[in-house]
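Colleague: Take the given structure of chain A and dock chain B with the ligands to it, following the hints.
Next come the chains, spelled out residue by residue.
There are 2 protein chains.
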Amino acid sequence: MLLERLGKELLIFDGAMGTQLQVAGLKGGDIPEELNITNPELIQDIHVAYLNAGADFISTNTFGCNPLKMEESKYKYTHMIKAAVENAKIAQQKANRVSDSYIALDIGPIGQLLEPAGTLTFDEAYTLVKQQVEVVKDEVDVVLLETMSDLYEVKAAILAVKENSDLPVFVTMTFEQNRRSLTGTNPETFVNVVEGLGVDALGVNCSLGPEELKPIIEELLATASVPVMIQPNAGLPTLESGETVYHLQADEFSNYLIDVLNDGVAIVGGCCGTTPAFIEELKKLNVTNVKQRSVESLTKVSSHTQTVTITNKVVVCGERLNPTGKKKLKKALLEEHYDEVLVEAIAQEQAGADILDVNVGVPGIDEVAVMTKVIKMIQEVINLPLQIDSSSADAIEQACRYYNGKPLINSVNGKEEVMRSIFPIVKKYGGTVIGLTLDNEIPLTAEERVDIAKRIIETAKEYGIDKKDIIIDCLTLTASAQQKEVKETLKAVEMVNAMGVSTVLGVSNVSFGLPNRALLNRTFLTLAMNAGLNLPIINPLDNELMGTIDAFNVINYIDIDSEHYINKQSNQSKEQKVTATKTDFTL
Amino acid sequence: MLLERLGKELLIFDGAMGTQLQVAGLKGGDIPEELNITNPELIQDIHVAYLNAGADFISTNTFGCNPLKMEESKYKYTHMIKAAVENAKIAQQKANRVSDSYIALDIGPIGQLLEPAGTLTFDEAYTLVKQQVEVVKDEVDVVLLETMSDLYEVKAAILAVKENSDLPVFVTMTFEQNRRSLTGTNPETFVNVVEGLGVDALGVNCSLGPEELKPIIEELLATASVPVMIQPNAGLPTLESGETVYHLQADEFSNYLIDVLNDGVAIVGGCCGTTPAFIEELKKLNVTNVKQRSVESLTKVSSHTQTVTITNKVVVCGERLNPTGKKKLKKALLEEHYDEVLVEAIAQEQAGADILDVNVGVPGIDEVAVMTKVIKMIQEVINLPLQIDSSSADAIEQACRYYNGKPLINSVNGKEEVMRSIFPIVKKYGGTVIGLTLDNEIPLTAEERVDIAKRIIETAKEYGIDKKDIIIDCLTLTASAQQKEVKETLKAVEMVNAMGVSTVLGVSNVSFGLPNRALLNRTFLTLAMNAGLNLPIINPLDNELMGTIDAFNVINYIDIDSEHYINKQSNQSKEQKVTATKTDFTL
Ligand SMILES: [Zn+2]
Ligand SMILES: [Zn+2]
Ligand SMILES: [Zn+2]
Numbered sequence: 003m004l005l006e007r008l009g010k011e012l013l014i015f016d017g018a019m020g021t022q023l024q025v026a027g028l029k030g031g032d033i034p035e036e037l038n039i040t041n042p043e044l045i046q047d048i049h050v051a052y053l054n055a056g057a058d059f060i061s062t063n064t065f066g067c068n069p070l071k072m073e074e075s076k077y078k079y080t081h082m083i084k085a086a087v088e089n090a091k092i093a094q095q096k097a098n099r100v101s102d103s104y105i106a107l108d109i110g111p112i113g114q115l116l117e118p119a120g121t122l123t124f125d126e127a128y129t130l131v132k133q134q135v136e137v138v139k140d141e142v143d144v145v146l147l148e149t150m151s152d153l154y155e156v157k158a159a160i161l162a163v164k165e166n167s168d169l170p171v172f173v174t175m176t177f178e179q180n181r182r183s184l185t186g187t188n189p190e191t192f193v194n195v196v197e198g199l200g201v202d203a204l205g206v207n208c209s210l211g212p213e214e215l216k217p218i219i220e221e222l223l224a225t226a227s228v229p230v231m232i233q234p235n236a237g238l239p240t241l242e243s244g245e246t247v248y249h250l251q252a253d254e255f256s257n258y259l260i261d262v263l264n265d266g267v268a269i270v271g272g273c274c275g276t277t278p279a280f281i282e283e284l285k286k287l288n289v290t291n292v293k294q295r296s297v298e299s300l301t302k303v304s305s306h307t308q309t310v311t312i313t314n315k316v317v318v319c320g321e322r323l324n325p326t327g328k329k330k331l332k333k334a335l336l337e338e339h340y341d342e343v344l345v346e347a348i349a350q351e352q353a354g355a356d357i358l359d360v361n362v363g364v365p366g367i368d369e370v371a372v373m374t375k376v377i378k379m380i381q382e383v384i385n386l387p388l389q390i391d392s393s394s395a396d397a398i399e400q401a402c403r404y405y406n407g408k409p410l411i412n413s414v415n416g417k418e419e420v421m422r423s424i425f426p427i428v429k430k431y432g433g434t435v436i437g438l439t440l441d442n443e444i445p446l447t448a449e450e451r452v453d454i455a456k457r458i459i460e461t462a463k464e465y466g467i468d469k470k471d472i473i474i475d476c477l478t479l480t481a482s483a484q485q486k487e488v489k490e491t492l493k494a495v496e497m498v499n500a501m502g503v504s505t506v507l508g509v510s511n512v513s514f515g516l517p518n519r520a521l522l523n524r525t526f527l528t529l530a531m532n533a534g535l536n537l538p539i540i541n542p543l544d545n546e547l548m549g550t551i552d553a554f555n556v557i558n559y560i561d562i563d564s565e566h567y568i569n570k571q572s573n574q575s576k577e578q579k580v581t582a583t584k585t586d587f588t589l
Numbered sequence: 003m004l005l006e007r008l009g010k011e012l013l014i015f016d017g018a019m020g021t022q023l024q025v026a027g028l029k030g031g032d033i034p035e036e037l038n039i040t041n042p043e044l045i046q047d048i049h050v051a052y053l054n055a056g057a058d059f060i061s062t063n064t065f066g067c068n069p070l071k072m073e074e075s076k077y078k079y080t081h082m083i084k085a086a087v088e089n090a091k092i093a094q095q096k097a098n099r100v101s102d103s104y105i106a107l108d109i110g111p112i113g114q115l116l117e118p119a120g121t122l123t124f125d126e127a128y129t130l131v132k133q134q135v136e137v138v139k140d141e142v143d144v145v146l147l148e149t150m151s152d153l154y155e156v157k158a159a160i161l162a163v164k165e166n167s168d169l170p171v172f173v174t175m176t177f178e179q180n181r182r183s184l185t186g187t188n189p190e191t192f193v194n195v196v197e198g199l200g201v202d203a204l205g206v207n208c209s210l211g212p213e214e215l216k217p218i219i220e221e222l223l224a225t226a227s228v229p230v231m232i233q234p235n236a237g238l239p240t241l242e243s244g245e246t247v248y249h250l251q252a253d254e255f256s257n258y259l260i261d262v263l264n265d266g267v268a269i270v271g272g273c274c275g276t277t278p279a280f281i282e283e284l285k286k287l288n289v290t291n292v293k294q295r296s297v298e299s300l301t302k303v304s305s306h307t308q309t310v311t312i313t314n315k316v317v318v319c320g321e322r323l324n325p326t327g328k329k330k331l332k333k334a335l336l337e338e339h340y341d342e343v344l345v346e347a348i349a350q351e352q353a354g355a356d357i358l359d360v361n362v363g364v365p366g367i368d369e370v371a372v373m374t375k376v377i378k379m380i381q382e383v384i385n386l387p388l389q390i391d392s393s394s395a396d397a398i399e400q401a402c403r404y405y406n407g408k409p410l411i412n413s414v415n416g417k418e419e420v421m422r423s424i425f426p427i428v429k430k431y432g433g434t435v436i437g438l439t440l441d442n443e444i445p446l447t448a449e450e451r452v453d454i455a456k457r458i459i460e461t462a463k464e465y466g467i468d469k470k471d472i473i474i475d476c477l478t479l480t481a482s483a484q485q486k487e488v489k490e491t492l493k494a495v496e497m498v499n500a501m502g503v504s505t506v507l508g509v510s511n512v513s514f515g516l517p518n519r520a521l522l523n524r525t526f527l528t529l530a531m532n533a534g535l536n537l538p539i540i541n542p543l544d545n546e547l548m549g550t551i552d553a554f555n556v557i558n559y560i561d562i563d564s565e566h567y568i569n570k571q572s573n574q575s576k577e578q579k580v581t582a583t584k585t586d587f588t589l
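Chains A and B supply the protein sequences, listed in that same order. Just so you know, the first sequence maps onto residues 3 to 589 in this note's numbering. Just so you know, the second sequence maps onto residues 3 to 589 in this note's numbering.
Hints listed in this document are in silico derivations from the structure and should not be mistaken for laboratory results. Some hints could be false.
[Said to hold, decoys possible] Short derived list, chain B residues pointing at chain A, Cβ under 7 Å:
| # | residue |
| --- | --- |
| 1 | Y77 |
| 2 | K456 |
| 3 | Y465 |
| 4 | A481 |
| 5 | V488 |
| 6 | L529 |
| 7 | A553 |
| 8 | N558 |
| 9 | Q571 |
| 10 | S572 |
Backbone N, C-alpha and C define an ideal beta-carbon position, used for all residues, glycine too.
Bound conformation, chain A alone (with noise of 0.2 Å):
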């Protein structure tokens, strides 16, 4: 029933908790979870109050009512959360809405920073938000992470919800006016992680008043294909006495929100500040039907900080953490010295690569640990979004569980078996998977590399994958060996792109085995380009291939007046006069 209704009808939310409990004379010090046990006829009242002011929903009074933060109480964390979900179903009877409203099991922030800020470990978040579900997972309709500030915490939390119920779940994140959330996050990455962990309603709330919101909201309107929720505060608060005050009134707050109900938000309510006066002139408004939105179907991976968009625009996938044919690399993995990988990782995030692949395929280590802990450090250095590049579903399902961001996952191909183990775990994880065209052998000519990127496409539909979240790779072949089909590679690029799906090369395998093998790179990537590759694999420490990109985007009127290419040559030469002044010198 829920789930029918959501995304069509509007559905409004409760307004605060804490400003009911304040002005029933809640001290700053006070633990608001206890007032389950110690008074459940207030928290039932406000409920109450919420529900005949129009709410759809009413939230728990179990915001920090997670095992770790709850030591400091005398009750049990499992205790109070009965009791808080007790309380909503007495309010619920109380106002007669048994049938026809829902309970949303409230998970705030756990109140400790994860690793590498503070020392919070990822399965130890995930362990604390499972526990609190578990407690009444057949108890309630629907569980809010709400007031989210790390997407990192937002991954386990999701995790332990799916993993450990069937409940639906929607997240909430609050963003500082400069649109990031205190560790970082962006709307877009928000919207495009918490999507692909498969969120029933993802949204904003706090942070900032409906007027402040507004950009935000718009932005979430404009990139979330899942139903948006927005939970404003009642304005911008001032401090009158040492106490937070909220100005905004009812009817001003709900007049802020007509454009973007009009636009398509399909949850809202209120947060800090807002009372069930609020909700009844929200519910005054009477929108009724939820509009339609659609969403630009686009490529797109993340780290936790940054989204890169695929389609559309060339972006560059640093190749140089991949161990095959490095000796040192290899040695390094080997021998654990991880601060050659992490050099690896910032000279290519410096040299301007968009994406980088890392890849710990070496003979007798242990992929999956390795995988997990070299994804882990890199993700802590670098701002840009990862590509988990093994055969080894294992370590690619390890490393996408622990990898905060929206993954690239390289790769499945058209063989059955290998679809089978890497769709769920592109499924569940949200990544992006890329697709090679081959199955037992790589076929000759465009057509066939096509009918597999067809396939590949159609099982991942089977699994709910969607097509902007495969890319397909072509397979450059080699000059060298297979000289004839080098343009089939192009042909294909064509045809996918044609398809309106994304394609991704690794360029330099077209000249080995021959002379000058850059001047042969940059040739087939500029025609590469031209038949639609996306995401080309390559080094971007190789100053001319990189900067064979930046004059494709000259010329065909994408770098627009030629901005970024003058900066990056003119700066180049000057470098280079530098350099050259330099060695002179040492000479």
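Modeller: Just chain B with the ligands, lined up with the frame of chain A:
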């Protein structure tokens, strides 16, 4: 009547005159042309014998009858030519073939080498032929320029005939067994140049026997649009007691020719060693219709030794002989230090250019004189076809006249008055012309530029210029000034290419005013080649740019097995290594 039959009915020429005269007792030192006056009946009898054998043409006994060679005779060349034609006419009457046979004014080589190998100038050669033609221009049916071995002399002769009479012109050259004429012209180049000059038939005579000539004849049939004429010798000669003896029998001779006659030869006769019996055997073959050949329509320009086909493959035009923006070259041209021009020309040829642009447009220079001088000098030391690049129609005309080959003319554009002044030159001298897609301005869109291209092609047609002799320049715009339109050029190239018309672009204009121009140039070049650009005008000394073409040819399976690429790039890296070592050593 003659021109209506030509190319449809197989027409038969006579056989050797000299051989018949030797049989009649002519000695080595005798001047055969004197016999026109001293023994007219002998000459008439030989003509009659050929007419009776079935010849449609008799050639006047005037092979060496030019003013220069005939200085050694006591008779004036004018008298001998007049007598020769008179003899031919009498023979027609005697054989009762007045109405169905033709008299060809026979003109052989002048007998002295032209500059630079000899001392005879082009103008002197022209005058000598002009003088012969003027004597009997109203008395003969056609001029036969035969046994020619110097293409430059052929060009002078054709111009002399056409500018001083309305007579049809047939030209036959002699080729050695290496398929080159004495001065290095090959059959394809011969065809490309003389066809452009508007001959009515072309072919091969003398040289070899019918068996050995077969591959040359087949090459002529494969490349010539005009009727092909052949007059082989009676096989390969041997020297017997000081005398040249031909051994092939008349029936053997004709048997060898059956294949090529069936393949589309339009005029057949005999040269050294052939007799009326040979012509009789040819007649007996009873081939009457000329097979209609289809010749591939290809854009080709030629020096006198080399033909460059511009269709279907990227061909490089070297841009460095253009003083625009080149102080040093400007100075050299003004001060007539042509050695510097030649050094630059040689450097470009060695760097792999296929064609060289020649532009002497310096303010204050006598462009007509300097252009002609420079063209003459360069063609003496360089084997490449030249592009005559000027905004002065007079300079273009003079350069075309003295150019030994089929020139590339740069340029015409969509303006009526420009087309009116340039197209007649293109037609007369058989050039290939570059059409700039602009009129009063450069249109912004591809479509508008293609419209101008079409107008140029259609107007050219009115002047009798085929579209294969037009190369369209879609005009490279400067990204720093008109970035949005840069793509339009590529689009226009693709559209013109689809029309089956060749395209040219000056490449480096794209990068004017931007840093690292070489990078932009080669990226643009790759995209332009991919769009179908045939003729980039570039700096062939830019190894990277030239290498880009080589790489393009590897990727597109044009450079099979990457042979050229490997060769060039391996050598280049060796050279670079050597340079590097030397530098190290010096330091
Ligand atoms: Zn709040
Ligand atoms: Zn001969
Ligand atoms: Zn002859």
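Colleague: All hints, please: hold or fail.
Modeller: Evaluated hints:
{"no.": "1", "hint": "Y77", "verdict": "violated, 68 Å"}
{"no.": "2", "hint": "K456", "verdict": "violated, 26 Å"}
{"no.": "3", "hint": "Y465", "verdict": "violated, 36 Å"}
{"no.": "4", "hint": "A481", "verdict": "holds, 5 Å"}
{"no.": "5", "hint": "V488", "verdict": "holds, 5 Å"}
{"no.": "6", "hint": "L529", "verdict": "holds, 6 Å"}
{"no.": "7", "hint": "A553", "verdict": "holds, 4 Å"}
{"no.": "8", "hint": "N558", "verdict": "holds, 6 Å"}
{"no.": "9", "hint": "Q571", "verdict": "holds, 4 Å"}
{"no.": "10", "hint": "S572", "verdict": "holds, 5 Å"}
Hints 1, 2, 3, counting from the list given before, are not met by this structure.
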